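Residues per chain are reported as follows:
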Amino acid sequence: MLRQRMTVEAFDLWARGQDRDYEYIRGEALEVVSNNYSSQVGILIGGMLAVYVTQNQLGHVTGADGGYQVMGERYITDAAFVSRSKQPQPSREAYNSNPPDLAIEVLSPSDDVDRIRIKIANYLAAGTVVWVLDPDAKVAEVYRPGQSVVVIDENGTLDGGELLPGFQVRVGDVFPPEADV
Amino acid sequence: MALQIRQTMTAAAFDEWVRLPENSERRFERIAGEVVEVVSNDEASEIAINIAAEIRLYLKQHALGRVTGADGGYIVAGHHYIPDVAFISYEKQSGPSGEAYNPNPPDLAVEVVSPSDRPERLMIKVGNYLAAGVVVWVVYPTEHEVQIYKPGQPVELIDSSGTLSGGDVLPGFELVLQEIFPRSS
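Here the protein sequences line up with chains A and B, keeping their order.
If you count the first sequence from 1, position 152 lands on 152 in this note's numbering, and the numbers rise without skipping.
For this note's numbering, add 181 to where a residue sits in the second sequence, where the first one is 1.
Looking at chain B on its own, in the form it has when it is part of the complex:
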């Protein structure tokens, strides 16, 4: 999510570098050749886990695939991404890859925007997700909005009073947006 270091690396060098012992506790993405450390905040983290929990509940009823959290990496159109939440169908991959970055891109990626995100990077990520056939939900904590990007289809916008539907990826899945944003007690 946020920039901590700014360094360009080849995919092969990146693969080696993330495995170094000093990096074992950190998470990195490789966006347009640039290494970016993933940093979040508690609000974005809460929203992400709320969405992941709803998807997991749905998947217990509909055995369609697996959900990964904010440390699940994927190789997307040659880049290394870590979406906040992702769903990958059994149809695409029957079991976990066991790799640091799953060589198969997910079917659905959820990106929760945090203030430290650079919007230019998100633009490139969405472009590459679409190229890899991935549906993307971009979630805006401040505006309580979600943008839905599907390959070959117009962008949809769901506002805070709306319901997010799983579409072809998670048929029958529905999420009332108000339920995923943190409330003050």
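So that you can see chain A by itself, here it is in the shape it has in the complex:
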């Protein structure tokens, strides 16, 4: 996995010429790497979100190549929602200069949890709600600015709250069953 130090200005120019997705975290360009199962979880929750947001005309949903500028860094979330009130039109930027209202991060074994913690803190500082989905523990963690962290097990419900009123999904339903072998 590529890891290279550069300034954010250099990153913005450099990232445009790359075939792969990169994030810019604490001064380093980092390649985004997932695995198949985490990708499935990401597209499942992202798909549910996209359907809901489209039907209710609430805003825009991006997938695992949607980039955002967050507190001066450049992040790519597995799925994200930007409200229509924050941004009436979809952004055409490689990294949207508006941080999302909601960012979803699906953990994968190659993730550096340390790096995700930095991302979460910067998201919170930017006013973004973060849902962390942990496929191993089958739990969702909800981080909201200024509020205590909520951990929801697979029988619990992820609720869109004020951000996505009426959106509800059972946590277990975002983790596709693994085949019995």
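No lab work stands behind these hints: they were computed from the structure.
Watch out, some of these pointers could steer you wrong.
If you only want the chain B side, here are some residues facing chain A, beta carbon under 10 Å, derived [as the list claims (entries may be wrong)]: (1) Val257; (2) Ala258; (3) His260; (4) Leu311; (5) Val317; (6) Gly333; (7) Val336.
Just a sample of chain B residues kept apart from chain A, beta carbon distances all over 12 Å, derived [unchecked claim]: (8) Glu218; (9) Val220; (10) Ser221; (11) Asn231; (12) Ala233; (13) His243; (14) Ala251; (15) Tyr271; (16) Ala281; (17) Asn285; (18) Asp288; (19) Thr344; (20) Glu360.
Being a predicted model, the structure only gives us computed values, none of them experimental.
Think of the CB as a built atom: it goes at the ideal place given N, C-alpha and C, for glycine as much as any other residue.
Got chain A sorted already, so can you dock chain B onto it with the hints?
This is chain B only, laid out in the frame that chain A set:
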């Protein structure tokens, strides 16, 4: 710091349980409902006491508050945490609470990472500290790095050649990072 037992408990049950005689010599945190025993190692312990000593020296010159060590518990956003070092201002609390877990969260919490730590737990702890308005310094003994988390502000990273500054919490406090990491003789 490390997992010894894995059991979920309500806050009220936890409060009773930690007071049992058989637990009097042990330290526990309650993170996302789960009871976690605090286990450290000598390197992390040395770093923590070095930081605590520097803060205490600073506080002798600047009477701003108190510093607690690796057995000082706090209730943070409804959870029971024991940071390795913490500072609580007189402004927030004029005297010690006398409680096993101070009902007031500290102004500053220092967490020294040890190999037995589960990073997912630290992620939740940092989220709750920020929600409670607490500044957090996360110290990495191997990388000689410190991450600074402040509510509503971008995360800062200080590397081994850098200096940690007390910011708004400990104005004028400066700590050269090289001085807190253990040296071999």
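Q. What hints, given by number in increasing order, does this structure fail?
A. none
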